[in-house]
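**Q** Here the protein sequences line up with chains Z and L, keeping their order. The first sequence maps to residues 1 to 170 in my numbering. The second sequence maps to residues 1001 to 1157 in my numbering.
Derived by calculation from the structure, the hints in this document are not laboratory data. Take these hints with a grain of salt, some might be off.
Here are the simulated DSS-like pairs of lysine-lysine, each with C-alpha atoms no more than 27 Å apart in a straight line [said to hold, decoys possible]:
#1 L:1023 - L:1148
#2 Z:166 - L:1076
#3 L:1148 - Z:166
#4 Z:148 - Z:84
#5 L:1093 - Z:163
#6 Z:166 - L:1083
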Amino acid sequence: MIDKSAEELIVDSVKARFPEEVIEAKVQRKNRVSISVRNNRIYDVGLFLRDELEFDHIASVSGVDYIDMNEFEVIYYVWSINKKVLVGLRTKIPRDNPVLKSLVDVWEGVLYHEREVWEMFGIKFEGHPNLSLLLLPEDWDGPPPLRKDFVLPETHQERLEEKIKKLSSG
Amino acid sequence: MLQKAKDGLMDIKLFRRVMNWGKAWSLWSVHLETGCCGPEDMARACARFDTERFGTLPFPTLRECDLIFVTGFVTKKMAKRLKIVYEQMPEPKYVIAIGHCAISGGLWWDSYSVVQGVDEIIPVDVYVPGCPPRPEAWIQGIRMLQEKIAKEGMRKK
Ligand code: SF4
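Put together the whole structure using the sequences plus the hints.
**A** Right under this line is the structure:
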């Protein structure tokens, strides 16, 4: 029998522990694992990854806007420093009601990352202590700018044309 | 002899020339990097291109500076800070806009977060295009600013 690699062992144990919730778990390549879970159990899967599989370093949180499918995807990238494996923990939430349980209690490092996903995509993280603007200007009042249906204010184009005229004449 | 020197000092044209000469050759620049033209700023200040030959020395306190290089794009959040820096500098002060992004928004002209050209916030004296401009272009910009200062009147700035 061939020994299983660390990546395959991770996939197997997550599948065995959460047979219902895990939609897909696969090894992408060496050191990379992708796990998609249902959005209501992402907190438990996170806890399991942290406590039993030594995933201790949160590298990033990102959002994807699948506007055709009317869904957002949130991806947590977590490293295990001992095993040298990066897990992409993904979950999909409906676009009309983008609410997800925050993983702050699991990995404290998501504080800033979730704030960024909140301001860029408008995804609410329940239980996050401080959802306020991080990178956008303090007086930002438009919709979340990285959503696919975001349009620039019309004055933007006009101002640019004015400017081109001014620069080329002077 | 003394009389001659006195007359010379009283001569407003000569006085202005001396003053402008002094202004033009001691353009100390604020250390403020807004965009990714910033590394080029370090290149032009270091030994190889050495803009201190032209009197342009990067300096940490803005109270003693006369010049801002706006290095690249300015986000809307940075714009406010840039204005504060500009207003805190004593007169005379000059601004050189470096790179396409500082001139018109460049790559990010249709972005939600980038100002379309820094001249919407502070007055600009010289524009240096490029993405990013080579240090030689920076030096040309400095020289153009010096020529501009040399033509300045007494009252202006
Ligand atoms: S002009 Fe080019 S190098 Fe300079 S800030 Fe813009 S993109 Fe960056």
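**Q** Under the criterion that the straight-line Cα-Cα distance not exceed 27 Å, is the pair residue 1148 (chain L), residue 166 (chain Z) satisfied?
**A** holds, 21 Å
**Q** Could you grab the alpha-carbon distance between residue 1093 (chain L) and residue 163 (chain Z) and see if it respects the 27 Å cut-off?
**A** holds, 24 Å
**Q** Given the hint that residue 166 (chain Z) pairs with residue 1076 (chain L), does the C-alpha gap stay at or below 27 Å?
**A** Holds - the C-alpha atoms of residue 1076 (chain L) and residue 166 (chain Z) are around 21 Å apart, at most 27 Å.
**Q** When you check the alpha-carbon spacing of residue 148 (chain Z) and residue 84 (chain Z), does it fall within 27 Å?
**A** Since the Cα atoms of residue 148 (chain Z) and residue 84 (chain Z) sit roughly 34 Å apart, the hinted pair is violated (cutoff 27 Å).
**Q** Is residue 166 (chain Z) close enough to residue 1083 (chain L), meaning Cα to Cα at most 27 Å?
**A** Within the cut-off at roughly 22 Å; holds.
**Q** Does the structure keep residue 1023 (chain L) and residue 1148 (chain L) at a Cα separation of 27 Å or less?
**A** Cα-Cα ~11 Å, so holds.
The structure is inconsistent with hint 4 alone, although it conforms to all the rest.
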